[in-house]
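Number of protein chains: 8
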Amino acid sequence: MNRDRVRALLHAVRQGELDPDEALESLARLPFVDVPDARVDTHRALRHGLPEVVYAPGKTVEQIAAVVRALRDAGQDALVTRVEPGLAAELCRAIEDADYDARARLLWTGPEPVPVVGKGTIAVVCAGTADVPVAAEAALVARRFGNRVEALFDVGVAGLHRLLASSEVLRSARVLVVVAGMEGALPSVVGGLVDKPVIAVPTSVGYGASFGGVAALLGMLTSCASNVSVVNIDNGFGAAYVATLINRL
Amino acid sequence: MNRDRVRALLHAVRQGELDPDEALESLARLPFVDVPDARVDTHRALRHGLPEVVYAPGKTVEQIAAVVRALRDAGQDALVTRVEPGLAAELCRAIEDADYDARARLLWTGPEPVPVVGKGTIAVVCAGTADVPVAAEAALVARRFGNRVEALFDVGVAGLHRLLASSEVLRSARVLVVVAGMEGALPSVVGGLVDKPVIAVPTSVGYGASFGGVAALLGMLTSCASNVSVVNIDNGFGAAYVATLINRL
Amino acid sequence: MNRDRVRALLHAVRQGELDPDEALESLARLPFVDVPDARVDTHRALRHGLPEVVYAPGKTVEQIAAVVRALRDAGQDALVTRVEPGLAAELCRAIEDADYDARARLLWTGPEPVPVVGKGTIAVVCAGTADVPVAAEAALVARRFGNRVEALFDVGVAGLHRLLASSEVLRSARVLVVVAGMEGALPSVVGGLVDKPVIAVPTSVGYGASFGGVAALLGMLTSCASNVSVVNIDNGFGAAYVATLINRL
Amino acid sequence: MNRDRVRALLHAVRQGELDPDEALESLARLPFVDVPDARVDTHRALRHGLPEVVYAPGKTVEQIAAVVRALRDAGQDALVTRVEPGLAAELCRAIEDADYDARARLLWTGPEPVPVVGKGTIAVVCAGTADVPVAAEAALVARRFGNRVEALFDVGVAGLHRLLASSEVLRSARVLVVVAGMEGALPSVVGGLVDKPVIAVPTSVGYGASFGGVAALLGMLTSCASNVSVVNIDNGFGAAYVATLINRL
Amino acid sequence: MNRDRVRALLHAVRQGELDPDEALESLARLPFVDVPDARVDTHRALRHGLPEVVYAPGKTVEQIAAVVRALRDAGQDALVTRVEPGLAAELCRAIEDADYDARARLLWTGPEPVPVVGKGTIAVVCAGTADVPVAAEAALVARRFGNRVEALFDVGVAGLHRLLASSEVLRSARVLVVVAGMEGALPSVVGGLVDKPVIAVPTSVGYGASFGGVAALLGMLTSCASNVSVVNIDNGFGAAYVATLINRL
Amino acid sequence: MNRDRVRALLHAVRQGELDPDEALESLARLPFVDVPDARVDTHRALRHGLPEVVYAPGKTVEQIAAVVRALRDAGQDALVTRVEPGLAAELCRAIEDADYDARARLLWTGPEPVPVVGKGTIAVVCAGTADVPVAAEAALVARRFGNRVEALFDVGVAGLHRLLASSEVLRSARVLVVVAGMEGALPSVVGGLVDKPVIAVPTSVGYGASFGGVAALLGMLTSCASNVSVVNIDNGFGAAYVATLINRL
Amino acid sequence: MNRDRVRALLHAVRQGELDPDEALESLARLPFVDVPDARVDTHRALRHGLPEVVYAPGKTVEQIAAVVRALRDAGQDALVTRVEPGLAAELCRAIEDADYDARARLLWTGPEPVPVVGKGTIAVVCAGTADVPVAAEAALVARRFGNRVEALFDVGVAGLHRLLASSEVLRSARVLVVVAGMEGALPSVVGGLVDKPVIAVPTSVGYGASFGGVAALLGMLTSCASNVSVVNIDNGFGAAYVATLINRL
Amino acid sequence: MNRDRVRALLHAVRQGELDPDEALESLARLPFVDVPDARVDTHRALRHGLPEVVYAPGKTVEQIAAVVRALRDAGQDALVTRVEPGLAAELCRAIEDADYDARARLLWTGPEPVPVVGKGTIAVVCAGTADVPVAAEAALVARRFGNRVEALFDVGVAGLHRLLASSEVLRSARVLVVVAGMEGALPSVVGGLVDKPVIAVPTSVGYGASFGGVAALLGMLTSCASNVSVVNIDNGFGAAYVATLINRL
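Protein chains in written order, with the numbering used here: chain A, 1483 to 1731; chain B, 1483 to 1731; chain C, 1483 to 1731; chain D, 1483 to 1731; chain E, 1483 to 1731; chain F, 1483 to 1731; chain G, 1483 to 1731; chain H, 1483 to 1731.
Derived from the structure by calculation, the hints contain no laboratory data. Idealized CB from N, CA, C, for every residue including glycine. Please note: incorrect hints may appear among the correct ones.
Listed next, the in silico DSSO-like pairs over lysine-lysine satisfying Cα-Cα at most 27 Å (straight line) [unchecked claim]:
| no. | chain 1 | residue 1 | chain 2 | residue 2 |
| --- | --- | --- | --- | --- |
| 1 | E | Lys1601 | D | Lys1601 |
| 2 | B | Lys1601 | C | Lys1601 |
| 3 | G | Lys1601 | F | Lys1601 |
From chain F, some residues computed to sit far from chain D (all C-beta separations above 10 Å) [claimed, not checked]:
| no. | residue |
| --- | --- |
| 4 | Arg1496 |
| 5 | Cys1574 |
| 6 | Tyr1582 |
| 7 | Ala1584 |
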């Protein structure tokens, strides 16, 4: 995978410093550790400069703890998303030194605070109070990933003055994460006010024809603002991840 | 159906002025005229004070012309919607004195101009140039139904300043028809700026995840502005009809 | 936003009564109050003449109570929708003088009774007994918003005589809210009997191919009665809101 | 399959009148004729007492003609459905003595008129003029299958008086076929007026949220009238077939 | 509604036996009784010859009991569908002499056994063991409505020999109710084996791509057997109702 | 059904060894046993060489136990799928000698270990830890059906090196079962690496736009790798069944 | 990718026969040829033993011809699918020695006949005449891929005797491709009759609730026959490809 | 909107240099020009540093030409997307100096070449030849917006070696646009190979279960690679727009 390392290997073989079969083994030995039911990617931190992330739903306490410990044994931090309070309590017993934020449903290991490496500010904007958990996830993930974050909550489009009153925050951001349920119109309006990339996050907030976030998702995908791209419904984590990569450019 | 008329009939029967069987016939004889494949409702003009409307798609020239003539024979006007230019040419040959507007795809018989009976102004607002045919249908139907109409086109939410520059028009309307395709966010924003009823019309304008107007429809149904109600995709006629009834109150 | 107020501000600046930077601040200072996770719109009562409304699901007791108290501190009433009995009990402990109606799942602060300001009567019609919670929400919201309300329940289209027996109620209304689940045919039939605007509310009542209200929603959107517009599934509140604005015209 | 025939075969084998291998062949030799790309079921007329029916779309002129001829060679009539005029012209050239009805898009061979064998009358009711092709298919198929048919067209639910004026027709039918597009509410209303089985046929008539007949289909499946069962969108033929079987009981 | 009764009324008015206003009242006074939240249709038994049916979900014990008692006061039987065991226990306390069948989730008042008035046998056929509750509902409703019923369970199409072994039962029925979840293919196969009307009932049995019964529903609607009509997902009651009306012809 | 057996029967009849009516009975007596609510197919083991399988959801403990016992009485093994731990405990009490695997949610009777009759190895590959239950079901069913199985878990496409490191396992398999949720891309990638049949199993793992496995299902159906066929969402059992039949060829 | 070749390369480097940088180049130089807009995979024939296949829709004559010529220059055959007659005529002009079958919409280069390498027979079964194009594609692809093929057309489940009469064909196949539109029930029935793998192909044949093949697709995915796996709608080619791989095992 | 400009205005008013009413006018006079049916945003070039873009479908030649001319009169460039060849010919007649690229369906005015202002390279990667039009749109838009672009076409995931052979191109990009139809798996694989933001574009390429791009869209939204965000189906333009903004950071 890594061209330089392959070249070094091949030169070592050429100079008789490395046996061809060992080289073959080495080419195949890849940067992961097998724990039961999982192959933990211990090199992602090196590749992306970010801690490994575990999505909790559908995994047992044991499976999650095994991954987090495998990462710690490799000298790395972990971030676990969508951790409900009950699971969090169990995980905190199983993993020493884990921190937890209930509003953002995040659990993590690693230093506090995280050094800021992002070049600018990520604005996390959300439409309604019920969207706050997703927006909080995005904001906290972005902070754990080394970004300055400005949060602007409950500024839905049906009361534009609330949003316009904070347009300074919007315009000073280097990249924006915009979270909205219901009709999901906020990214279109925010996208029209700024000239920076907007990562839109539909939420499953709503009822009836919101169809669990589908209305917001479709609205964001068909946004008439061209600077909007979209992540999955309720995926505050993914939006923060993309925003982080952009903010490091 | 008409209580007073039933009472009158019954009194006539009581006084021997009317035979019971004739009365029975009379109760059953209802205000429509049968033409081939259609029962033309000649009394709707009386009941609703509006011309009878024919939706053209799926009907032959002969079927439409028969209905329009039956109405004229009953002394009434007609309005035919969704008339494509080819059909319009044929209908204009078949129906004397018909008028046609290609942009709004409307064909009608009746006086020009129509006397204004609506109490205030209906604002017809639309998001993009491609939504204009639907908005034009709404505006022209509203005019044919006796309303003053203000049209405000191409004021989508991704360039809010274009909309806000005309906020006077929005606020002076008694009822608003707001037409938008794509993400359909315009009714939410307009709804937040006014305190009048907003009739939202999703259009089939868009591609991909707009799914022929579904994205806009869902967005409008889940609008966070509470003064918004919705009609079918591309139903500019229906929005104008509802707005007309409201404007006559 | 308010043209007159902007003009007054500018004149004050002109005459040296107001410092430009203060004016700027004033232009930006908008009518809301920040509480944790929410921006409470304290001026909506002034703008729309209606109490601020809070949609409860997805919000904590603390978040709701904070908003209601912020409104009371601004001298305003509040209406909280979709309040299940358990939440209601908690809210009633947290908010003094709150009232609650379990059938309509509404909680509110403010005077009892509300003075009537609507010009006519709003008829709230519903198809089946299982639709009653949504219809009751619509009827009570309409009453809290200052309207006379006539309720007509369990008059579904498969037993037309039950509906026709009350056609007097339908015809004397100035605007109608029609609530139905299953196939959602009631607004089409009612719409054909009256010449007033009909706000249709699909409900999630039904099973199988009702798909949580989708069948009723689609039926209402494609209604062959032109005086029908539609709000979201189970949105009794929204229908009452729209009907209230119409009834004040 | 046929128990009596199997018994007869077995007795013939017992008495040495039939060779076991011939019997085996006979058990396997079933009542169809192979033509290219089709296995024509020549015994359905015997089993169901109805002509074999060919659904034209997706078949070539040659394929259809081969089936019709194979049936004629077996002394049977044929009915071809969904035959557009162009195809009809070609088929009429290929099949002598074929008859065609353009409105119902039906082509057939066989006697004219068909003797009536149905016990009562089948009422075919349809909501709008654009639904007429489907209703005409149902009515003509029912006639070709030996039923008396009463047709009642353009009696949609938004103008109930048109329907109620013909309630005599509805009540005198032994079984009813009710055809409607848009919101598909007509079967619910008709179902409430009669105590006979109602076969509902959704049509693809409509636009936007009618989704090619889905709105009508869902409305009919969730009908609050219990005497309604449903066939596929635009399946006038199928409704007539079911109604015919019922009318022969 | 009732032509004869209207004629009688009118003659009474003619002969001075009835005051016109009383006649008017009489025309409007329709056969239902108002209980809280419901209009009980006390004349359906007369019109359809069947007990009134209450669909339990979404109704309270009090609402159901009030309807059943109103019916009893009018001398009529009641049948309550989809009654889960907990609700059944409460209803049995509230309604004396009610009977309950847990497998079919039915509760009823009335004589046991019901006199047979259906002319032939209704076969109720079901594909898998998990479909049994819906099939049991259909079978018991059909019995309560005065039909002879033959039940044939667990005869899915992937083991055709189980079905073919009982083909005698299928062929001796006058009308068939066929219940299936998953791919819903059983009605097509049964429909091909008989020449009687088949009422198909899709069930929500299945997982994944069965989408809660949608796969079965679509399969039944597109059945290549022409004698199949369809009711809503899990609607065993509706199928029995339709089959009953057919079996009385 | 079985041609040889029919021939033998017929010859026996010919030679007077068998009475025709007994032969008829024999032709009709098919290989199943009726237990309450089920027709147990006791000959499937003979026909397919595989134990009979019971899908647990929607069946009661009594129904499942009756089927398993009927199979045992016929000298056959049984395999029960989707058995949650609570149900498993009840079944283990009702059925002696049953074994249970909680991760795979399988319960079975029969020998341990099963003799290997499959010709090669079945590779069971899965994308993420949350997909493990479905993959474990596939792997254990394949083992119970007499196959050698290689399991390769947590090798999703976003970390290709984890998959490529085990490409030897992929290439040495005779048939592959590939299990993935979310975007379901793994079968396309695996399919491109091998020249053997790949059975793809979408899982319901995911959230938002995964729509309970629909995203993965559609992705697998539209795979650009031509050696991929697909089974239902979460259907690990079905994939193992198909793979077993292939591995016996 | 190829472990042996990598080992050989490394040994060559060790023995000084190959320069490390050349080896690196060699590792990266992969078996494809770039033509405009395409990367032609010239080694697939070697890897899978099958000709390269081009899916025609969305490609220009020039793009297709360039790929076919690049393959021929590499000494390989090509198969082009979904070639409509007009395109076929143009391609036959551009590619010398190409053959075309209009019913199967296939165009190919290579020897005629193809040597048989498949071990058994592939049965291609289809439900209706309108499904024939998809079934013909499957049958011809299977023949071009070196299989013996038995075709059995027009044997839909509503006339079971047509299918059962050919059960010998079904049972003698080593693998079956079953093609059906409408409700797609045929694979379930066939799957129950055989103990071999069944590849099910839904077709877009049908109307209304068949939704372009969705009904058949869902029916096949939820088949109660466990030996069924499914490919995309109308994907006769893919089914033949999978069947070929199985038939070579 | 522009705080500095508002401050300047207010100071001018303070110093008597500007009349309050003129200031008010100025605050309302926003940067657009009205042409028939459109409000052209002449300041977007200033705000975003990018030419104004017109989406052609649904607009007439006259409407498009009017917008392009209004922009030119304001000294600005224009880019028109989704221009089919016929429309392009008409537009080139109506607009002098317009350029057109048929493969990318783009028409534009402005300098050639465009000066490069993007900081790095944008890689445009696409899965299959049929996806080329969308990828070409993305690549050309990115070039017109001042970026260096590397294009890598026909590297779908079922032949990974084609993609891996170009991994150098992927890793040297600052931001990537990845275009794929069918199952849309390419962004997941590419996303796993790079540590830069990936903009995924689903295309409508495919058939059957690709549902016009829905399969690819869902696959991309649920991608297991966290650095992926998504734009609308076929929206090559939007992806290039977002990538451009990122590449300018």
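The hints, checked one at a time:
1. Lys1601/E - Lys1601/D: Judged against 27 Å, a Cα distance of about 15 Å means the pair holds.
2. Lys1601/B - Lys1601/C: Given that 27 Å is the threshold and the Cα spacing comes to 15 Å, the pair holds.
3. Lys1601/G - Lys1601/F: holds, 15 Å
4. Arg1496: Violated, because the least Cβ-Cβ distance between Arg1496/F and chain D comes to about 5 Å, which does not exceed 10 Å.
5. Cys1574: With a cut-off of 10 Å, Cys1574/F remains clear of chain D, as the shortest Cβ separation is near 42 Å.
6. Tyr1582: Tyr1582/F is indeed farther than 10 Å from all Cβ atoms of chain D, at 41 Å.
7. Ala1584: holds, 40 Å
When the structure is compared with the earlier hints, a violation turns up for hint 4 alone.
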